[in-house]
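Residue numbers (the working numbering), protein chains in the order written: chain A, 174 to 291; chain B, 174 to 287.
Please note that the accuracy of each hint is not assured.
Said to hold, decoys possible - If you anchor each label on the Cβ, the simulated ranges turn out as follows:
(1) Ser188/A to Glu229/B: 54 to 62 Å
(2) Thr180/B to Lys193/A: 32 to 40 Å
(3) His258/A to Thr178/B: 27 to 35 Å
(4) Ser256/A to Gln230/B: 48 to 56 Å
(5) Asn231/B to Arg287/A: 31 to 39 Å
(6) Thr286/B to Lys228/A: 44 to 52 Å
(7) Thr253/A to Thr178/B: 32 to 40 Å
(8) Met218/A to Lys246/B: 35 to 43 Å
(9) Arg236/B to Ala245/A: 24 to 32 Å
Hints are computed from structural coordinates only; laboratory data are not their basis. Just so we're clear, the structure is a prediction, and the values are computed from it rather than from any experiment. Heads up, the beta-carbon is just placed ideally off N, CA and C, and yes, glycines get one too.
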Amino acid sequence: GAVVSQHPSWVICKSGTSVKIECRSLDFQATTMFWYRQFPKQSLMLMATSNEGSKATYEQGVEKDKFLINHASLTLSTLTVTSAHPEDSSFYICSASDRAVFSNQPQHFGDGTRLSIL
Amino acid sequence: AQKITQTQPGMFVQEKEAVTLDCTYDTSDQSYGLFWYKQPSSGEMIFLIYQGSYDEQNATEGRYSLNFQKARKSANLVISASQLGDSAMYFCAMKRNSGYALNFGKGTSLLVTP
Numbered sequence: 174g175a176v177v178s179q180h181p182s183w184v185i186c187k188s189g190t191s192v193k194i195e196c197r198s199l200d201f202q203a204t205t206m207f208w209y210r211q212f213p214k215q216s217l218m219l220m221a222t223s224n225e226g227s228k229a230t231y232e233q234g235v236e237k238d239k240f241l242i243n244h245a246s247l248t249l250s251t252l253t254v255t256s257a258h259p260e261d262s263s264f265y266i267c268s269a270s271d272r273a274v275f276s277n278q279p280q281h282f283g284d285g286t287r288l289s290i291l
Numbered sequence: 174a175q176k177i178t179q180t181q182p183g184m185f186v187q188e189k190e191a192v193t194l195d196c197t198y199d200t201s202d203q204s205y206g207l208f209w210y211k212q213p214s215s216g217e218m219i220f221l222i223y224q225g226s227y228d229e230q231n232a233t234e235g236r237y238s239l240n241f242q243k244a245r246k247s248a249n250l251v252i253s254a255s256q257l258g259d260s261a262m263y264f265c266a267m268k269r270n271s272g273y274a275l276n277f278g279k280g281t282s283l284l285v286t287p
């Protein structure tokens, strides 16, 4: 089945550091990838939709200058948390669909990245 | 706008018993789909089952089945013969018609006891 790889799985860094998270579709081309954030004991909330070759679409309340998204190829999207602060500590998870226009296709998720900012 | 509601924050079930996890939704779309995902403590999201609004039969996938009641706008997940490995968070979700991201409910934490 379709596989999405996310790296790194765990990051601990100092406040003020920028952190890059990669999301790769391993066996299919993903024109669209999604980035979600999940705080402890809460649900997944969409941060942004990443489209290959164009600018990402951010959800209301998500700072696009803080959460930089690049989708340079059909198999790779990156999320960079710039100048991270403790309140950015969260679980970040990406997903991709090889046929997003078909509503019955499940999205395939990466394993997520646990980000801890000290 | 869509809304997904999961009213059970936590559920307990004994091993080998069946359990039903509730999900109600609200949408103005005529055509839509509902998904259930399982999230173990390790964090990954595991797709379980899908139900389309025009599907005539309730979806089934192994021990998972969906009790879909369109008029009531409910899509409850039924897990039969629960196993200890079923202990996890379970999320009901609906794909947006614009952009195709998923809207998730708040989730239900299921604990299967011996």
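Checked hints:
1. Ser188/A to Glu229/B: 54 to 62 Å: For Glu229/B against Ser188/A, whose Cβ atoms are near 55 Å apart, the range 54 to 62 Å holds.
2. Thr180/B to Lys193/A: 32 to 40 Å: holds, 38 Å
3. His258/A to Thr178/B: 27 to 35 Å: holds, 33 Å
4. Ser256/A to Gln230/B: 48 to 56 Å: holds, 52 Å
5. Asn231/B to Arg287/A: 31 to 39 Å: Between Asn231/B and Arg287/A, where Cβ atoms are some 36 Å apart, the hint holds.
6. Thr286/B to Lys228/A: 44 to 52 Å: Holds, since Thr286/B and Lys228/A (Cβ atoms, about 49 Å apart) stay within the stated range.
7. Thr253/A to Thr178/B: 32 to 40 Å: Cβ of Thr253/A to Cβ of Thr178/B: about 34 Å, so the range 32 to 40 Å holds.
8. Met218/A to Lys246/B: 35 to 43 Å: For Met218/A and Lys246/B the Cβ distance comes to about 22 Å; the hint is violated.
9. Arg236/B to Ala245/A: 24 to 32 Å: Since the Cβ atoms of Arg236/B and Ala245/A sit about 41 Å apart, the hinted range of 24 to 32 Å is violated.
Violation of the numbered hints given earlier is confined to hints 8 and 9; the remaining hints are satisfied by the structure.
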